[in-house]
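**Student:** Protein chains in written order, with this note's numbering: chain A, 26 to 359; chain B, 26 to 359; chain C, 26 to 359; chain D, 26 to 359; chain E, 26 to 359; chain F, 26 to 359.
Do not rely on the hints blindly, as some may be mistaken.
As the list claims (entries may be wrong) - DEER-style ranges, computed between Cβ atoms:
(1) Ser52(B) / Val342(F): 31 to 39 Å
(2) Ile106(B) / Gly185(A): 55 to 63 Å
(3) Ser52(D) / Met286(A): 52 to 60 Å
(4) Asp146(E) / Thr346(A): 48 to 56 Å
(5) Gln206(D) / Val342(B): 52 to 60 Å
(6) Asp84(F) / Lys179(D): 37 to 45 Å
(7) Glu141(C) / Ser52(B): 34 to 42 Å
Hint data in this document are derived by calculation from the structure and do not stem from the laboratory. By construction, the Cβ of each residue, glycine as well, lies at the ideal position given by its N, Cα and C atoms.
Now for the letters of each chain:
There are 6 protein chains.
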Amino acid sequence: MAKKLITFGEVMMRLSPPGYSKFSQASSFELVYGGGEANVAISCAYLGMKAAHVTRFPDNALGKAATQFLRKHWLSSEHVIYGDKMMGKYFLEKGAVHRPSEVIYEREGSAFSLIEPSMIDWEDVLKDADWFHWTGITPAISEGAAMCCLDAIKTANKMGITVSGDINSRSNMWKYGKTMQEIIPELAKNCDIVITSSRGIQEMFGFGESGSKFQESARELMKRHPRIKKVVRKTRRTISASHHQIQGKIWNGKDYIKSEMLNITHIIDRVGTGDAFASGLIYGLLHYDNDQQAISFATAACALKHTVPGDVNLVSVDNVTSLMEGDTSGAIKR
Amino acid sequence: MAKKLITFGEVMMRLSPPGYSKFSQASSFELVYGGGEANVAISCAYLGMKAAHVTRFPDNALGKAATQFLRKHWLSSEHVIYGDKMMGKYFLEKGAVHRPSEVIYEREGSAFSLIEPSMIDWEDVLKDADWFHWTGITPAISEGAAMCCLDAIKTANKMGITVSGDINSRSNMWKYGKTMQEIIPELAKNCDIVITSSRGIQEMFGFGESGSKFQESARELMKRHPRIKKVVRKTRRTISASHHQIQGKIWNGKDYIKSEMLNITHIIDRVGTGDAFASGLIYGLLHYDNDQQAISFATAACALKHTVPGDVNLVSVDNVTSLMEGDTSGAIKR
Amino acid sequence: MAKKLITFGEVMMRLSPPGYSKFSQASSFELVYGGGEANVAISCAYLGMKAAHVTRFPDNALGKAATQFLRKHWLSSEHVIYGDKMMGKYFLEKGAVHRPSEVIYEREGSAFSLIEPSMIDWEDVLKDADWFHWTGITPAISEGAAMCCLDAIKTANKMGITVSGDINSRSNMWKYGKTMQEIIPELAKNCDIVITSSRGIQEMFGFGESGSKFQESARELMKRHPRIKKVVRKTRRTISASHHQIQGKIWNGKDYIKSEMLNITHIIDRVGTGDAFASGLIYGLLHYDNDQQAISFATAACALKHTVPGDVNLVSVDNVTSLMEGDTSGAIKR
Amino acid sequence: MAKKLITFGEVMMRLSPPGYSKFSQASSFELVYGGGEANVAISCAYLGMKAAHVTRFPDNALGKAATQFLRKHWLSSEHVIYGDKMMGKYFLEKGAVHRPSEVIYEREGSAFSLIEPSMIDWEDVLKDADWFHWTGITPAISEGAAMCCLDAIKTANKMGITVSGDINSRSNMWKYGKTMQEIIPELAKNCDIVITSSRGIQEMFGFGESGSKFQESARELMKRHPRIKKVVRKTRRTISASHHQIQGKIWNGKDYIKSEMLNITHIIDRVGTGDAFASGLIYGLLHYDNDQQAISFATAACALKHTVPGDVNLVSVDNVTSLMEGDTSGAIKR
Amino acid sequence: MAKKLITFGEVMMRLSPPGYSKFSQASSFELVYGGGEANVAISCAYLGMKAAHVTRFPDNALGKAATQFLRKHWLSSEHVIYGDKMMGKYFLEKGAVHRPSEVIYEREGSAFSLIEPSMIDWEDVLKDADWFHWTGITPAISEGAAMCCLDAIKTANKMGITVSGDINSRSNMWKYGKTMQEIIPELAKNCDIVITSSRGIQEMFGFGESGSKFQESARELMKRHPRIKKVVRKTRRTISASHHQIQGKIWNGKDYIKSEMLNITHIIDRVGTGDAFASGLIYGLLHYDNDQQAISFATAACALKHTVPGDVNLVSVDNVTSLMEGDTSGAIKR
Amino acid sequence: MAKKLITFGEVMMRLSPPGYSKFSQASSFELVYGGGEANVAISCAYLGMKAAHVTRFPDNALGKAATQFLRKHWLSSEHVIYGDKMMGKYFLEKGAVHRPSEVIYEREGSAFSLIEPSMIDWEDVLKDADWFHWTGITPAISEGAAMCCLDAIKTANKMGITVSGDINSRSNMWKYGKTMQEIIPELAKNCDIVITSSRGIQEMFGFGESGSKFQESARELMKRHPRIKKVVRKTRRTISASHHQIQGKIWNGKDYIKSEMLNITHIIDRVGTGDAFASGLIYGLLHYDNDQQAISFATAACALKHTVPGDVNLVSVDNVTSLMEGDTSGAIKR
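Make a model of the complete structure from these sequences and hints.
**Tutor:** Encoded structure:
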C-alpha cells in the first residue's frame, strides 16, 4: 500500500512574467503556486505516494484557488484551513546564462503567517501517516508557524512517524524576534533525517566550519543529537543560470555515500529543485533498502526538476529510475 | 497652453483572469494598474492635458514597473516616491449579465498606506498646476494618507488652484481609527467642485436624505460650505453587468443641469468609469464655458470608458465630443 | 452536514478554438473537460455539496489529467477507473448571433464506452450518498454504460437514495443495437425526479404529444410510474446564439409551478446550461422546503451558467440566491 | 461543376491589438490578411465555388506568407506575382458601442501599388472563369492598378464572363493624379452587375441625388450604360459599433426587390461585411434563378460575417440558407 | 522545371502543451499537423519542388482544416479524400535534457486507417510525378493502407518513377494481423532508394546483425533486391533531449559515403527530423550529381529541422546549402 | 547628479513571430520597438542615467504608441517630433543553432526618413546634456537624417559635449545618392569616441586592412583625426545562433586594453547587443576612471543583453558589475 507523507508550510501564489521577460516587460503573469514543503508533497504524490499538506489560506476565492492547485496535483485538501485575508505570494523573473533570476516576496501578514498552534490537531492529521517533512523556511515566517512546526515534529516523534527536515533557512527572513539559531536546532534535533550542509550546520548549531568536510560536521551533529540517523546534502555547481551540476551525498553514521554528478545543460526552471531532491530522498529511503540507491534516486529527481516549469516536480518514478540507472539521453517515448 | 492637473492616491497592480474566466479557472493574470485618482490623471492626459500623479510605491522592481505604467500613459513621474516593500493590489474577476464582477483587495500595509505628510512638499508639487483632484478612497487608506490629502487641499487653496473631490467612500475601508464622517467633510468643504450623491451627502455630512432630491442636498451643502461652487452627480442604472445607463447632473448654485442619458449596451470593462466621469468633468469645466457642455462631456467620457479594457480611459477628445454631439453610431474611422 | 451527490457518465476533453474563431482559423485549442453528469456534480460541489463522479478514463497521462480536472473542481476521484486507450473528446466552435456553435464528437471507442458493470461496486460507491443523478446521454454510449447506469439506479433505489434523471437523449447517438425507447423508460421509471419535456415523454414513452401541455404528459407519466414524484422541465427561447430566455417548470403531482423567465442578453458559453439547471434543482430540492424556491434556484443557476466559460457552473450559492431573489443587476462585488 | 470566380486587388496584412485593446495597450498584434476582392474570393470558396485571386506581393518571406493565407483559405495561388519590397498593411483597433473602430493604412509604395498591366496575361487568367469581380478600392491605389483592372474587365467582356463591380471608393485614397470620377465610370459601365448606392451614383456619375430614391438612380444608370443588368445596394443602420441592421436591395430593370432586414445585435468583427454581401450576391445570382433569393442569400451572408473574426466570411452554404430561410436562432449544431 | 514528389500516408493533428509544460499542466494545446510522408512532401515544397500528398481525412470541419494545413504549406490538395469521422491525432509533451518527450497516439479507427485501394487511382495521381516516397509507418496502420502503399509502389515502378522508402517501423504498431516482416520487405524491394539501418535490415529482412557494419548489410540487401540502388542511413547520437549529433551515410553499391557530423546543441523540436533527412535526400539526389553532396544536403536539412517548431522543415535551399558548405554560425540575415 | 545622454535616430516597430516560429507559422506578432541609438539611450537610463532620444514618428496612434514605449523605458519624450504617415518597422524571425535569424526591414519612406535639419533645434536639445551618441545607421537612412546628425555632432562639439559614434554601417542601406564613404568620415572625425573595427576603418576611411591589427588602424585613425580620443571595438565569435563569445577592446592612444572574453551559451535575443555594448561603454567611461573597467563594464553589459528579450538592455548596474567582477553564475537573487 502507498506510503503517506504529511507536510506543513506556506504555499504562495507565484507570479512570473512569460518566458524570459523582465518585470518591466510584463503585461501578464503566469500563475502557479509553490512552497518548499508542498512542493515535496506534490512531488511525492507524482511518485505514487499518498500525501496531504497542512497550510492556511485566506478565506476568499484566492485561497480556494490555491487549495484547488493542491487538489489538482493529487494532494488531499482536508487539512487546509482558512482565515484572514492575504495570500502569500512571490514574483519570479527568470534569468538565463549570466543574468540571475530575481525573486520578490510578499508574504508578511499572510494568512499562513497568522497561524496558531490551536488551529491544528496534529494527532488527527498524522493518524495514518508514515512520514512528516518540514523545512527551515516555515519557522522563519512567524512564531505561530514555528510553534506549529515544533508541535508537529513532537507529535510525529510520539507516534513513531519518521521526520525529515530540510533545515537551511535564510537569516534575513527572521523578523519576529527570534533568530534561526534559537529555533532551528530545537526542531532539527528531533528529526530522523536532516538535509543540510557544512555551512548550514555551522550557522545553525555553531560548530564545524562552513568550508570544512561535510562528513565531519555530520558525524558531530549525529553524535550530539542521536535521534538523527542520516545527514544529507545536495551540492550544486552553478556554471550559469542555464547550466548547473548536481550531486547528492549522505552520511548515515557509517558510510559517506555519493551519487553521480548530473549535468543539467539547459535549465527550464530552477525553482523547487531542492524540494525535488527532498522528495526523491523520502521516496528513495522508503522504497530502496540501501542508501546508495536512495541518494541516486534523490539526485536524479532533483536533476529532472530543472526541466519542469513551475515549483513542483511532476515526473514519474519511471523517469527518475531511468535517469538514475544512467540513461541521460532523454530519448522520446512513444 | 495645456492645463495641468495634479492627483494624489494609491495605484494598485490589477490582476485579472483572462476574458470572463473565474478565479478558479485562471492559469495567468492580465496585469494593468489602476487607482481612482491616477485614472483621472491619465484620462486627462489622453484628453491633451498635462498631468502628474503623486503616489508612493515599494522600492523594488514592482514599484518601478508601476511607475513605468504611469509614464507610458503620459504622466510625469517626478513626484513618485519609493519606500517599504508591498505593492497594493486588487484582483478582478469580470462578470457578465447576472453574474457580478468580483474584486478582492490586498492593500493593507502597502507602501502607499505608509505615506507620511513629511514625504511630500506640496508647494513644489503644485507649483505650476491648474487643478488638484482627490477621491474619498485616499483618506480611507491610512491616517498618513488622509493627512497628506488634507495638506494638498489646503496648499492648493492657498495657491489658488481649483480643487475637486470625488468624495464617496466605502465605510468598510476605514480601519485606522477614524470614520469617514470625521474626515471627509473636512476635506470636502475646501473643494471647489464636489462629486457625490444625495446618499453621499447624507452619509458624510449627516443632512438630507439618501432618497431625497439631489438638488436640495446640493444646495444645502453649498450653503453650509461656501467654497463649494458646483455639486456634481453621476447616476447609473444597472440593467445587468453587461448593460448600464449613465447620466450626469450638475448643480451650480443656480441651475440644475442634466446630460442626455447614455445607454451602454455591451460593456467591456466597467471599472474606472466613475474616474472617467471625473476626468471628463475636469476637462469640460476647464475647456467649455457652460456647465451643460461640461456635464455632457463628462457623461460621454464616462460612457466611452465602459468600452475600454483596464482602469483608465484612453479615448481622445474627438471620441468624446463626437458622442457628446449625439453620434452614438461608433462608425469605423479610416 | 453537506449532502453528498454521486453522478455517473463520460467526461470528455473539450477542445475549442480561442474566442469566436472558427475551426479553420485555429492554431491552438483551449482545453477544458465536460460531460453532462460530471458537470452536475461539479456545479453542486461549488454550491457546497460533497460530490463524487464515477467514470472511466484511458490509462495514460491524458486520463490522469482529466481526473485532475475533476479533483481541482472539488470532486472526489476515488471512483475513477482506468483502462484502454482513447479519451472521449468533443470539439466546440463557438457561434454568435445568427451563427450556430458547432460541435464535433469523437467518442466512439473511448475508454468510457468500454465500461462494464463488473467494474463498479455500486454499493460501495453509494454508501454515504444522498442523491444519484444520471442523464440520457450515458445509456446511449454503449450497452455496458447503459447496464452500469441501470445497476446504479437499482442499487440507489434499494439503498433509499434519491435518484434524478435528465432523460432527454439524441436518437442519432444510439448505435449499439438498442433504441432509446427500449432503454430510457426502464431507467426513468425508477427515478424519483425526472427532467424532461412533452416531446421527451412522447419520444421515449410514446404517449402525450410533443406540442401538448407539459402538465398533462407529466401527470400521465407519474400515473404510470408511481416512483416518479416530480417531473421538471426547462424551457429555452433561443432569440439568437447570443441571447436566450430560460424558465423552469415543475409538476409535483399537485401543482404546476413556474419560475420567473430569465433573460440572458449576452451569452458567454451556452454549453452545460442544462446541467447547471439540474444541479440547481438537486440543490434546491435538498435545501428548500418548497418547489417554488427549488425551481427558482434551478432556473437562476441555469441562467448564471450562460456567463461562465467552460462546461461547468462555477458560481456560488450567494450568486444564485441573489439572482433568484430578483437582483438581475450583476452589480460589482468588492 | 463548381463555378469559378476571379478577383483582383491588393491583399494587406491586418494587424490588430488583441480583443478590444487600444493601440496604446498592445504588446502584440493578431495577424490575418484581407482586401476587398480577395475577401470576396475566399468567401465564395467557402460557399463551394472555385476561386483564384490575382495580386502582387513583395518578393520575400512576408509576401510568401500572405500567399499561404490565400492558399489555406482554398484559393488558387497560381496568379500571385512577386516583386519589390513592401507589404501593404492596415492596423485595426476594434471599437464597441459608442467607441469607433480605428483603421490606419500603410499601403503607399506597396508591391501591389507598383503593379503594371504587362505583368498579367488576363486571357490566361480568365480562361476557365465564370465571373470576374472588382471593387472601387483597386483603381484608387495607383494608375497601374487601375489600368490592370480596366484590362481585366475588358478581357472578361470579350470572353463573355460576367463582371461585377462594387464601385464605391473613398475620395481621400485617390492620390496619383486621377479622380474617382475620371476612372470609376469607365470601369463600371462595362459591368453586368454594379453594387453601389444613390450616393455612389451621384458621386461617381454625377447624376441623381445622394438622398434620392435608389430605384430612380439605378434605372438611370442602366439606361445610360445598357451593359449593366442589375444595380444592387446594401443598406446598413449603425445603431452602435456593436449593433447593426442590414438589408439588401436589387433593381433589375424591372423590379425593385428587397431582402428582410437582419439585426446583428452582438457584432464580433464588422470588417469585410460588404465583401461578404458581394460574395453572397455572386453565389446567389449563379445558383438561384430569381433575384429575391439571390438578394436574401447575399444579405444573410453579410449578416453572418459580422460574427466571424477576420476580414473573410468563413461560413458555409448551410449556414447562409438556414438564416435566409428565417432561422435566426443560431441554435447549436451537434 | 520543378520536380514533382508524391507522398502517401496519414496526417495527424498534433496537440502539444505550450513550451515545456507537462500534460498535467496544460490548459491549452498548440495545434499543428504532421505525418512522416506529408512532412517529407512539405519540406520538399519549401525546397522549391512541386509536391502533392495523398491521404484521407474525416468528412467534417476538422478534416477540412487538416487539408488547409497542407495547402498552406504549398502542397496540392487535389488527392485528399474524405470519409468516416475520426481524425488521427497525437499528443506531444516536449522534454528537455534528461526528461524525455512523451507521445500519446490516438489513431485507431481514424479515417485514414479505413482507406481502401479502390479509393485511389494511382495512375492518375502519379501522372506527372518524378518521385514517390513512403515510410514504414503507413503499412503498419491497416491492411487497406498497406495495400494502397503497395499499389502506389508498383504503379510507380511501372511508370518509371523513382521510389524511396524510409522503411523503419515500430513493431508495436502492427495490430491488424500482419507483422512488419511479412509486409515491409515486399514494399522495400520495389524501391530505388531505401532509408534504414543495420538493425532495420536485420528486423525486417532477417539477415545481417543489428550491431554489424551497415555497409555489409546494405550490400547484401542490394544483392538480394537489385532494384535498390542506394541504401541510406542517418545516425543520431542522443546526448540529451536538448543536444543531438547527426550524420548521414550512403551506400550506393560502390562507395560508402558519409556527411560531416552535425552538432545540434539547443534543440527546439526534434519531431520530424528523420523526415527532414528524407526530404533533403530526395532533393539532394534530384539536384546534385554526386552522392557526397546529396548526403551532405540531407544531413544539413535534418540538422536544421531540430530548430524549427512543428513536424515539418520550413527552411529554404539557401539555409541548407549554407550549412552544408560549413557555415554553422547561424549569423543573422538582414 | 545623474549624467544626461542624448541620442538621435530612427525607432522602428519590431514585429516577431512568437518563440522560434518562422514567418510562415505566425498568426500573431510580438510587438516591441527598437533602433540602435534609442537602444543605447534606454540601456543607459536603466543604468541610472538621464536620457532623451530625438526622433520623428508618424502623426497617428502608432507614432504615439512608439513614443509611449520610450517613455515607459524612462526616456524623456520632449524631443520626439511627429509628421507624415509611415512607421518604420522591421520583422524578426528568431533563429537557433545553425538556423539564422532573419530580418526584413520596411523603413523606406518612414516618418523618420523624411526628417529635415530645420525640424530640430540642437542647442535646445543638448542644453543640459553630457554626452551625444549616434550610429552609422542614421546617416544611411536619408540625406535629411545625415544632415541632422552632422548638425548634432557639430553643435555638441561647440557646446563641449562628448560625442561617441558607433560608425559601422551597411552599404546596402545607402540609397539616396551618397555612399557611406562620403558621409561617415565627416561625422566620425568630430567624435571623441569611435566604435568600429579594422574592417570598418578600412571600409569607411580607406586605410588599414580588414584583416590587419586593430591597434594599428586605430592609431592611424587617431593620428589623422585628433579629436578622436579612443577607438573601441567589440569582437564576436559566432559559434552558432545560440552561442556567442564577446570581447571588448579599447585603444586609447597609449594602451591597448582588452576585457575578458565572455561566453554566452544560451542566447535569448541577440538583437541590440552592440547597442548594449555602446551603452555600457558610455556609462563606463563616465563612471570609472580607467579604461580597463570601462571596457569590462561595456563587455559585461553586452553579454547580459543576449539574455534579455527585445532590442534593449534592461539590466541594472548591479547586474553588470557583478558579471564584470567575475560572477558568471547567474545565481538566483531573493
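**Student:** Evaluate each hint against the coordinates.
**Tutor:** Results of checking the hints against the structure:
1. Checked against the given bound of 31 to 39 Å, the beta carbons of serine 52(B) and valine 342(F), roughly 35 Å apart, stay inside it.
2. For the pair isoleucine 106(B) and glycine 185(A), the supplied restraint of 55 to 63 Å holds, since their beta-carbon distance comes to about 57 Å.
3. Serine 52(D) and methionine 286(A) have their C-beta atoms about 41 Å apart, which leaves the hinted 52 to 60 Å range violated.
4. One distance hint, 48 to 56 Å for the beta-carbon pair aspartate 146(E) and threonine 346(A), holds here, with the actual separation near 52 Å.
5. Take glutamine 206(D) and valine 342(B): their Cβ atoms lie about 34 Å apart, and the range 52 to 60 Å is violated.
6. About 41 Å separates the C-beta atoms of aspartate 84(F) and lysine 179(D), a value consistent with the hinted range of 37 to 45 Å.
7. For glutamate 141(C) paired with serine 52(B), a C-beta distance near 36 Å keeps the hint of 34 to 42 Å intact.
In summary, the numbered hints that this structure violates are 3, 5.
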